[in-house]
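Below, each chain spelled out in residue letters.
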Amino acid sequence: MDLTYSVEHEKYREEVIDFLKGWPLSGEDARLPIEEQESLFRQHGIDAGYVYRNVPREYGGAGQAPDALKDSIVREEFFRVSAPWDLLNQGAGMLVPTLLEFGTEEQKRRFIPKALTGEERWCQGYSEPGSGSDLASLQCRALRDEEHYVLNGQKIWTSNAKQAHFMFGLFRTDPAASKHAGISYLIVDMSAEGIDVRPLREMTGGSEFNEVFFNDARVPVEFRVGAEGEGWAVSRATLIHERNLIGNPNMMRDTFEDLLDLARRTQRGGQAAIKDPYVRQRLMEIEGYVRTVETSNMLQFTATLRGEPMKAMRPMMMNKLYSTDTMQRIQRCAFDLLGGEGMLAPSPEDIVGWARNTTSTGWVEAYLFSLGPAIAGGASNIQLNIIGERGYGLPRDPRPPEKS
Amino acid sequence: MEFGLSEEQDLMQETVRQFINQECPPTRLHEIFNAGEGHDGRIWQGLADLGLCGLMLPEKFGGAELEVLDLALVCEELGYGAFPGPFMMHSLAGVAIAKAGSSSQQDLWLPQIANGAQVATLALGEGANGWECSEWSTEVRDGRLHGIKDFVSHAALADLILVGLSDGHFAVVETGAEGLSVESQDGIDRSRPISRVKFDGVRCEVLNESGACVQAIQDVGLALLAADAFGAASRLVDLAVEYTKTREQFGRKVAEFQAVKHQLARLALEVEPTRALFWYAAHALDHLPIEASRSVAMAKAHISERGIEAARAVVELHGGLGFTWECDVQLWFKRMMFDRTYLGTPEFLRERCANLGGL
Chain X
5 MDLTYSVEHE KYREEVIDFL KGWPLSGEDA RLPIEEQESL FRQHGIDAGY VYRNVPREYG
65 GAGQAPDALK DSIVREEFFR VSAPWDLLNQ GAGMLVPTLL EFGTEEQKRR FIPKALTGEE
125 RWCQGYSEPG SGSDLASLQC RALRDEEHYV LNGQKIWTSN AKQAHFMFGL FRTDPAASKH
185 AGISYLIVDM SAEGIDVRPL REMTGGSEFN EVFFNDARVP VEFRVGAEGE GWAVSRATLI
245 HERNLIGNPN MMRDTFEDLL DLARRTQRGG QAAIKDPYVR QRLMEIEGYV RTVETSNMLQ
305 FTATLRGEPM KAMRPMMMNK LYSTDTMQRI QRCAFDLLGG EGMLAPSPED IVGWARNTTS
365 TGWVEAYLFS LGPAIAGGAS NIQLNIIGER GYGLPRDPRP PEKS
Chain Y
2 MEFGLSEEQD LMQETVRQFI NQECPPTRLH EIFNAGEGHD GRIWQGLADL GLCGLMLPEK
62 FGGAELEVLD LALVCEELGY GAFPGPFMMH SLAGVAIAKA GSSSQQDLWL PQIANGAQVA
122 TLALGEGANG WECSEWSTEV RDGRLHGIKD FVSHAALADL ILVGLSDGHF AVVETGAEGL
182 SVESQDGIDR SRPISRVKFD GVRCEVLNES GACVQAIQDV GLALLAADAF GAASRLVDLA
242 VEYTKTREQF GRKVAEFQAV KHQLARLALE VEPTRALFWY AAHALDHLPI EASRSVAMAK
302 AHISERGIEA ARAVVELHGG LGFTWECDVQ LWFKRMMFDR TYLGTPEFLR ERCANLGGL
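Chains as they are written, first to last, in our numbering: chain X, 5 to 408; chain Y, 2 to 360.
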């Protein structure tokens, strides 16, 4: 146990902090639209070796030697000053690691660089109306026609499909094969003919979700990732990346600090809510959970660094559920602190998913939004099955006989 | 940057666990529990032979000069085994003498504490919620100790009692001294029986080589209680997992019912990740002084709260059997009741965290 950093890593942190003096941008650059400023700074970060550290240079990353400690130093420091860092969207956060593991050389060169910059946006085509938690029952077909697959069927809960240039998703390429074996992982050009995207509206009032309909849409065979029929295994790897995106301890700590600010600002009974004994109890109980997220993350990090991830298998399995539960505890407390303002609807500017909350309606949006991660990437009841069965050797759920 | 145990620490935990499995399995635990003394000279000697009685004491007195984390890791195992005996208070008493005793006091007591030949304990609380020295009235007048302490663990067994004074120092009393009376309080956790101890002008020595150290020793105690509670909570989860995997109803193992499986997974979820919380708190006492008091209070509050909730659910998961005296569950349930309460309930400690955090 040693929470100090080596001289090399201390020096590295200083270099990162020094680099981050360049954010926010100044001079001419500061007058660019914010998205362009972010892209510009992100590119500086790649060139300096801090952003996309582990993605090889030839695909547009920084191509640094693996060093998980440096990764975490960079993440901490970038997060501290809210500087543009690795995009954590479906493209850079999920597709890129999957392609790095399973993609062909051509796919890597074609797709990774523009996913990293965000120039090409991605959506994930997994869920279907009849296939949610039981994802492997999916029915959307991709039947082979010479050098193409022909897609027919529907995807749903597809975040950002309206803006996406490409989708990665699971399709049934062999309807005769058994449930898991007939699935392939395909990349779909969203501008192809026969694709219809219809927005859904979420309870927050936002419209991130879509339904995507395929009607004889064609996908070239070279856009398949991994072998035909092995899409399930490819997608498992992606899902792990998604769960990792959900359990970010820096985000948890920031949200908790925002909650403390809210309790300081909120007046009740002639004093700040944070002086109310009941509120203090609640806040400190929540902080117990937040500290657990933070320290358990450190424990898992060291176990991974030492090449002994199995020693931290149980807490790793618990990350997703523990984090989404903790975030929801924070949000429930915030909602109660809002009092009557908790009845206000979020305004369009509030509907941004996770963000630092400073306004009442921003908190209302966050209160609603915190349910999303609890459902996405394996709903909480599925997580409980995983913990019970794989973590503690409890009996598996009885499985109905497979339909032939 | 490493937040993990060393090989030596892993080995030490493994050794203690094996020792407890061999020397103090649940059948033996029930015997000790029923006899009510919360002690067994043979297993105490076993701990001493493993070199655990002076884990944090200087080597020159026969100690191992290890850190709070090491001691906490032993306490985790003792909690996991619901191990009876004065180990935790004994260890804390040794640390207090090492911290604040004069060299002649250290020479006199520490070798006997380190090898377990003498048993030491702590007398702190006064009344149901009096865990802070500002609320105490025990004091030394003209070299004589006056006061009443509650919930003194293993007072009847101890050779030495370290008594917390209202000025934040400790006084050391040798049992058998005139004016000392020990009255059993019939404690719920029979692995650590408690007494009310009255000091009516008892001869004593004050540890005043350093400033007031009662709070510092209590902080170490909070870390050890958090570790003990984590161990006990982990055992309760394991007991429930084992039981529901064997118990059959409706022609199936009850763990096959998803309601049961999910309840078990929730219990485990509340307990397992908090291992890191007590590690951090114990480590902070040695290396991160600014955060230490708050970290130990937070860890003890959180783990004992989650632990007692788990304990109640584990009784229910055992059905009628869980409610019986013969069932193993009650041993850990009561362990948890002690850990949750001693040195302050979660509510009390959370308020301290709020204050220390500037809320």
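Keep in mind that the hints were calculated from the coordinates and are not lab data. Please note that a few of the clues may not be correct.
Said to hold, decoys possible - Beta-carbon label-pair distances, calculated as ranges:
#, chain 1, residue 1, chain 2, residue 2, range
1, Y, T247, X, A231, 39 to 45 Å
2, Y, E136, X, A52, 54 to 60 Å
3, X, K279, Y, V183, 53 to 59 Å
4, X, R400, Y, P27, 53 to 59 Å
5, Y, T247, X, V356, 48 to 54 Å
6, X, G344, Y, T16, 57 to 63 Å
7, X, K118, Y, R18, 43 to 49 Å
Note that beta-carbon positions come from the ideal geometry of N, C-alpha and C, so glycine has one too.
Consistency of the hints with the structure:
no.: 1; hint: Y/T247 x X/A231: 39 to 45 Å; verdict: holds (43 Å)
no.: 2; hint: Y/E136 x X/A52: 54 to 60 Å; verdict: holds (57 Å)
no.: 3; hint: X/K279 x Y/V183: 53 to 59 Å; verdict: violated (43 Å)
no.: 4; hint: X/R400 x Y/P27: 53 to 59 Å; verdict: violated (29 Å)
no.: 5; hint: Y/T247 x X/V356: 48 to 54 Å; verdict: holds (51 Å)
no.: 6; hint: X/G344 x Y/T16: 57 to 63 Å; verdict: holds (60 Å)
no.: 7; hint: X/K118 x Y/R18: 43 to 49 Å; verdict: violated (54 Å)
Violated hints, in rising order: 3, 4 and 7; the structure is consistent with all others.
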